[in-house]
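Student: For chain A, the structure is supplied; the task is to place chain B on it using the hints.
2 protein chains.
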Amino acid sequence: MRNLNPKYYGDPIARSYLLELPRPSTSDNRSDERRLREGLLAVSGLNDVDIPLPICRELPTLLRKANYRIRAVILNVDNRWELITIDDRYDNPSCYGVAVDLGSTGIVFYLVDLSECSVVDTRTVENPQIKYGEDILTRIQFASAAEGLQVLQRMVIECFNKSIKKICEKHSIHTEDIYAVSVSGNTTMAHLFLGLDPSHLCKAPYIPVVNTPDMIPAVELGISIHPRGRIYVLPNLGSYVGGDILGGILVSGMHRSKKVSLFVDVGTNAEVVLGNSEWMIACAGAAGPALEGGVLTCGIRAQKGAIEHVTINRKGPGLSYRTIEDGKPLGICGSGVIHLLAEMFLAGLVDSRGELAVKKDPSRIVDTPHGKGYVVVFAGESAHGEDILITEADIKNLMRSKGAMFTILSVITQNVGITFEEIKKFFVAGTFGNYIEPQKAIAIGMLPDIPLKRYKPLGNASGKGAVAVLLSNRKRKELYRIRDKITYLEMNINADFMSQFTSSLFLPHTNLSLFPSVANQGSEP
Amino acid sequence: MRNLNPKYYGDPIARSYLLELPRPSTSDNRSDERRLREGLLAVSGLNDVDIPLPICRELPTLLRKANYRIRAVILNVDNRWELITIDDRYDNPSCYGVAVDLGSTGIVFYLVDLSECSVVDTRTVENPQIKYGEDILTRIQFASAAEGLQVLQRMVIECFNKSIKKICEKHSIHTEDIYAVSVSGNTTMAHLFLGLDPSHLCKAPYIPVVNTPDMIPAVELGISIHPRGRIYVLPNLGSYVGGDILGGILVSGMHRSKKVSLFVDVGTNAEVVLGNSEWMIACAGAAGPALEGGVLTCGIRAQKGAIEHVTINRKGPGLSYRTIEDGKPLGICGSGVIHLLAEMFLAGLVDSRGELAVKKDPSRIVDTPHGKGYVVVFAGESAHGEDILITEADIKNLMRSKGAMFTILSVITQNVGITFEEIKKFFVAGTFGNYIEPQKAIAIGMLPDIPLKRYKPLGNASGKGAVAVLLSNRKRKELYRIRDKITYLEMNINADFMSQFTSSLFLPHTNLSLFPSVANQGSEP
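Taken in order, these protein sequences are the chains called A and B. For the first sequence, our numbering assigns the number 499 to the initial residue and increments by one for each residue that follows. For the second sequence, our numbering assigns the number 499 to the initial residue and increments by one for each residue that follows.
Next up, chain A with everything else stripped away, as it sits in the complex:
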């Protein structure tokens, strides 16, 4: 993202100006404040910049000491401009922001140079709230106990402060030169971050406290950036469609295209948005638990040593695999699991009902407490000295997840009366989406069988959305237009879902005509 087109993004949330103001005289006895205001107007075209009283207090001394050559930083706060700081750094217009993808598992920080409109660096850390619950529901329960919400909020804010400090230190930037932090996360993560009671999020009728938070003074949240800086949390559409999704749609651009696109973010929940510049429909459902670390016997998060790629010999026993950063194998990450299951199915190691075909490679089949298992890496080769394998129970779990995913996609398209063929772009978001191979996901019947080139991995779309709203005030407004355009389709109470789900619990599906390409895949090793 280093070389963003400045024409596209050149409207950052904070701007730094070097001003040389005319000296006062008998014929120009404007006040210091007005002199500054009109100086800002001249360079920025902005007529109505708020000037806080404490800055007015500094003005007389600073202007005269600096001989009327000053630097002024202004910030776009909820559509008005506010003067954030003035100083005598007439030679240094630097001005930074931090964009954050606040995931329930990992948090990614982007240091953004607002003068250059570029991302300087990124830093990924684990969400410390994991200590109080891997999944969101546990954290919501923890938050409802005495002080629980405050504990969770403090944790994540401390994590922000530590990470912002580290990333700044690395680039010799003062944290005081950070003027804005944008935060993109699901609705629960945003509530916990803001200290808002999340308890109504997880019970019908699933009411968030806030859809559209106003910008918040950094000091009010205890975020250690410039004391007059602001925190911008991306808006959400409801409990199930958070700022991360809206931010993802923003960077996909699907809301600006006349052609129909589909956006999917696969995590614990799958969030799906279908639409174009005219209309949009969203839904969400539990589709991914089996794809996240901790559910499968040997499932781990994407990290060094996670198996992400497997190739199984079609004609006899044996396989080869690849791990992240070539680490000693530790387990299988989400995208690796999809890859593995597709290969097993295409090689005939598993049948359409998900049962293991022992005869294909008996040397790798073992018995486990959860039924038979297929060993990917033997104990001797693994990092921890134990077999890395996938059990029949794991496979059933996976098939429920992939079946749910496909059913959601089917229901939402049927709901607006279009076929998969009519979807011209299929955006897959999430770091997960970056590594998933659509061909393999199609092979197991998780994603629809459309031409591969229509699949567009977006990478960390949530994080990119957070960066975009720092670099463009126009994009921030677009976010609200996206949100207001979307209709939410409640999947939990949708009868179509259950009737179609059953057909999806096969590899790839009971209706093979939906997956014409899968037969060909089997023949290509």
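Heads up, a few of these hints could be off.
You can't tell identical chains apart in this list, so a pair holds if it fits in one copy or across any two.
[Stated by the list, open to error] Using 20 Å as the maximum straight-line C-alpha spacing, the simulated EDC-like pairs for lysine to aspartate or glutamate come out as follows:
id : residue 1 : residue 2
1  : K983      : E536
2  : K983      : D546
3  : K975      : D546
4  : K894      : D865
5  : K664      : E624
6  : K975      : E536
7  : K983      : D526
8  : K975      : E879
9  : K701      : D526
These aren't lab readings, by the way, just hints derived from the structure by calculation.
Tutor: Same frame as chain A, now just chain B:
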């Protein structure tokens, strides 16, 4: 001001709404915040009300406890609306503000009911800063010493808090139900109130720190009203034309009339504004010191026992007088002094050069260290057992003041090329202006000899301006239009002033044709 026309003023700075919000349901799963926002939109038509995070935090509990029937108060902060408070007082829409005329001598507080658009009560106190200097220059000097500014600021803020508390207690109103305070004062008073360095106000080129302060959170200034309330300080045009003058013009309405009007506020300085809806010109000059208490031998501030009215027998010795509230005579207030000098001149007790005619009433003429004096009240009748008199030195002082006043008026009208006759309304502001009798001020040549009915006393125009900006957001904007329309004429460097001043140092003037009515006044006792 109790019965203000609501059509004219019905646009108050804070509004209180009683809202019954729809309950959430599966088909209406808006967030609490959005529910509130759209509820506010429905009753107010306002689309874009800022909602601070702390209020969002209260929302889930309050809404459910109050069964979705709440009261919401919004405040117009620098042209946007902000939600200030929500509570369960569904039966009580009350909502108040306090308007303040912040004079260097006296401070007047107006308790304003923003729901009813009426003034409930007023309260006048002495400006406690007087302890550190009767006049403004002494206070500016005091402010430049270490902590001096903070001391002066704290004093006036404590005075605000004490007075607001008292006036609220009297009417059983919680100070927390005050959501805004407007402050109208001269530029120095506003600077001291805001803690802004006033030192550049009194030396060339006379630069204020601020012309247009943004609204300030009450907590930032330590004003004890609702913690999210705001303080609005009326803008100024420069060191010599303060918010008090702009507020006065606002209530005069001269900026909306096509006819030419003149506005004058007589105090230590005289501020004069001439113009109409097309143009305005302002100037200021030291015109009034002799009219304030403390300068003349027996001059006192307007208070109980101050002589405000004198009638001198035209045909022989003797006089009669009237005091404020019929108190035992204590001294002579500003308007009383003008009245006295006019009567003395018309009765032939003083000649056009300001010298006493001893023969007219020898029993009342005494010798003093400052030349001869004329006794108005003998020691036996006075409150303090001493003569109350006016000396020849006092008269010379008075003549310099009245001469300066007349010269300012002459110069400003000549500057735009109009005659006094063309001035259709002549507004006299200040409590002083309320009591001055134009006929007497004309007799001594202080005000121009135009038909008496054109003189319009405005009373405390500064205070009324402060009330107006609480009751009307439109009026607050008008203030900026007035300010931007005014051209300031620097009198200190005006050569015309000195050349004309000399002719004004006579009673009424060297050019008697300017005062045709004065001869007639002499014959009417």
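Student: Look at each hint and say if it fits the structure.
Tutor: Evaluation of the provided hints:
1. Taking CA atoms no more than 20 Å apart as the test, K983 paired with E536 passes between copies only; the shortest distance there is 17 Å, against 39 Å inside one copy.
2. With identical chains, the CA atoms of K983 and D546 are at most 20 Å apart between copies only, with a shortest distance of 18 Å across copies and 30 Å within one.
3. Taking identical chains as interchangeable, the C-alpha atoms of K975 and D546 lie at most 20 Å apart whether they share a chain (19 Å) or sit on different chains (13 Å).
4. Proximity of K894 to D865 under the C-alpha cut-off of 20 Å is restricted to the intra-copy arrangement: shortest distance 16 Å within a copy versus 118 Å between copies.
5. Taking the shortest alpha-carbon separations for K664 and E624, only the intra-copy value of 15 Å comes in at or below 20 Å, while the best inter-copy value is 56 Å.
6. In the homo-oligomer, the alpha carbons of K975 and E536 lie at most 20 Å apart only across protomers (19 Å), although the nearest pairing inside one protomer, at 27 Å, exceeds that limit.
7. In the homo-oligomer, the alpha carbons of K983 and D526 lie at most 20 Å apart only across protomers (16 Å), although the nearest pairing inside one protomer, at 51 Å, exceeds that limit.
8. Taking identical chains as interchangeable, the C-alpha atoms of K975 and E879 are never at most 20 Å apart, the minima being 53 Å within one chain and 77 Å between chains.
9. Only between protomers do K701 and D526 lie at most 20 Å apart by alpha-carbon distance; the minimum there is 14 Å, versus 64 Å within a single protomer.
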